[in-house]
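Chains A and B, in that order, are what the protein sequence lines are. Using this note's numbering, the letters of the first sequence map in sequence onto residues 1 to 342. Using this note's numbering, the letters of the second sequence map in sequence onto residues 343 to 591.
Think of the hints as simulated: they come from the structure by calculation, not from any bench. Bear in mind the structure is a predicted one, so any value in this text is a computation, not a measurement. No residue lacks a Cβ here, since even glycine has one placed at the ideal position from N, Cα and C. Don't take each hint at face value.
Restraint-style ranges between C-beta atoms, simulated for each label pair [what the hints assert, rightly or not]:
1) A:I100 <-> B:E443: 46 to 56 angstroms
2) A:A292 <-> B:K569: 43 to 53 angstroms
3) A:S202 <-> B:I365: 15 to 25 angstroms
4) A:E288 <-> B:G584: 42 to 52 angstroms
5) B:K569 <-> A:R134: 29 to 39 angstroms
Chain A regions said to be covered by chain B (calculated; three or more residues, Cβ under 8 angstroms) [what the hints assert, rightly or not]:
6) 18-31
7) 38-45
8) 250-258
9) 296-302
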Amino acid sequence: MSFKVIKPGLFTTIQDKGRYSYQRFGMSVAGAMDFFSLRVANLLVENDPFEAALETTFLGPTLEFKEHDVIAITGGDMSPKINNRQIPMWMSVYVKPGDILSFSGVKSGLRSYIAFSRKLDVPLIMGSRSTFTRGKIGGFQGRKLAENDTIGYRDKELLKSTGSYVKKEYIPLYEKEVEIRVILGPQDDYFMDESLETFFKSTYTITNEADRMGYRLDGEKIIHKKGADIISDGIVFGSIQVPGHGMPIIMMADRATTGGYTKIATVITPDLSKLAQMGPGSKINFREVSLAQASTIYKDYEDTFLKIKEHISSEKFNISEIRSLNLNIDGKKYSIDVNELK
Amino acid sequence: MYDKVKYLPAGDSSLTMEFGNEISVEINKMIRNTVSAIKNNSPEGIKELIPTYRSIQILYDPLVADFKKMVVSLEEILALATDGGEDNYRIVEIPTCYGSEFGPDLSFVAEHNNLTQEEVINIHTGSDYLLYMLGFTPGFGYLGGMSEKIATPRLQVPRTIIPAGSVGIAATQTGIYPIDSPGGWQLIGRTPVKLYDPLSDVPVLLNAGDYIRFKAISQEEFEEISKAVEKNEYEVNIIHNGEVRLNVL
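The following block holds chain B by itself, in its conformation from the complex:
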């Protein structure tokens, strides 16, 4: 993390507020706190915030504020965000059915790492993953914190279609496909929960700064939850400020 936040111009109506040049839990927490401080203080002219791994993209109305004025307001807010304040985060539980047709590559991932399928599931569900940022496709979260013990290279030939909800591994990354899309990740399971629903009031379930906790479920549970999701009756389990289980490398 930089000692001093950098403000980089990005055109006539945006700037990049850069906190560092690495991926770290500390920077992510700083970004999360700053985003909520900006929202609470809502300085004049700010239109939208895009948090990323190491920066916040600030979009502003150039008729209301200019670059200099924005920097002054953001510096003031930053002082508030740095002065501690509560760190609010969510742990979002993602029910996942591992193996079978939902996770056709589970056996390969196990074999590749000299583990049993059961062990892969235990490791994957055993720690929580920090969602650093969303991007690539709507609702796709970049998760950090997967154990090296289950790291597996991408497929040599990507699949042309991967169903929405698929949970995969690519090298040391893990993630969930929010929409049907092509891709080369090793698929180990699938969640019946909708991560992206453009017609919903909350079109995307996950936020940057959330922790994701995978919970193994049976095929019967998968079917049950699927039905509830279709009827809009399923409520995702969200734990506020709970104890995070971090992967011990």
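Chain A extracted, bound-state conformation:
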């Protein structure tokens, strides 16, 4: 047993890359909503970038560690604390038996990722440890975490002794109004030209019906010219469906594999991570990019991981417990948390 769930948080699940190669059987992929944060969290603890981590939603969990480990928290800032003291995000942090990790409130974003150097011990199902709650498989018993769950580690001992951090320039800022880049198609020819214009010129708001399966948006109506229904075909992460009511729905990690609504456009991969950090009330402005532009953006996006990995491996520090020092300066008392970098 490596940690025990004291409070589960709002919706905390185990996610990795997802269950690819089984979509032809109707199996949803699941997997992390925000791959940027998942990958960076894992890089910080020297794991495979797609290793299974905890994905928290809005209200983070409270966990009690039972063994030594090095963890890293990325993604939305939910004010993580260890033993009630603030800890840095986008940085590896050492935890020891008895330490309590908690989250005290949302500062930005929606989902945090907690990566564990010693790797979560849950079974591989169809090549993945991702939780697919609707199908009741994967992760921890096919469900979100609950009070008193205990999860073990796959690594018998803590193998690393160095920590790392991500440079500020690579840490995303999570805004409430975001430009989301899309490629038109596959069914853009089903829509009136004016409606394509509407789609790009107006602002859409994420409604309360937004979860791991998809985000329903509200805004100016998009009008079809040849009907909203098609003979079912494939759906991908980021497909934007427009049913007869004219309001877009963005398909996310737990999407069905196929669907029968027209798809006006598809969100480009790097912008899915931005979407994953947006919740109800956040606003979206869609912008069209060409296939060639998208290809360049994608390569730059992948390059970012290489750069982050390089700087993580070049600027390491010896990992140690965060110490609290009490200082007395000019008669004023200060308590300072110190993580010694060597």
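Once you have looked at the hints, place chain B on chain A.
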């Protein structure tokens, strides 16, 4: 079927290879042949294929191939797939116990169509069904080719729980529930065979392009097969490239 396959962009790492805009046996066969041709040739960059009624969703690695490059490779493969080649398909036999507690709506389906229950069973088992695609839930197959003679509207009030293996009819469609789920189909029987087992090496029994043949079994046979399935000792009867019995409307 289109004269020329359409390639539609679906984001930065996927495209839709569209063969037509209708549901047809011909398109399904073309898709089945193309899927196996793509698998045999495994062009660089392809990560996953999702065949549907009328298209193949192609997922690719944008660091290895882009849209244009994918289209070129797929066109080359398509030329091979079109040049005949063998049409390989499976007929999968699904033992089904009709009526009683397994098929509580069999009497309604018979009544609705002015048939006896025996006649409904004979018609349902009398022809083979093409599995066009899987979707909706893991392992759920969209089957085509049911006789209009046993078509029955959905229940007005859907059931909250339908046991896995239930065989149902909804309008002119027939299908098998792979997992316990709510639903409004008229239930005429149940199979003891597992269509979906997430922990198995082959998590889903059926593939797009298979033909499904229902075989009527008794309650005793149902119990026997159930036990064998539990012990992992039951082998589903699969006929390769056998003669397909199509429904003559």
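- Would you pick out the hints that fail for this structure and give their numbers low to high? When the structure is compared with the hints, numbers 2, 3 and 7 turn out to be violated.
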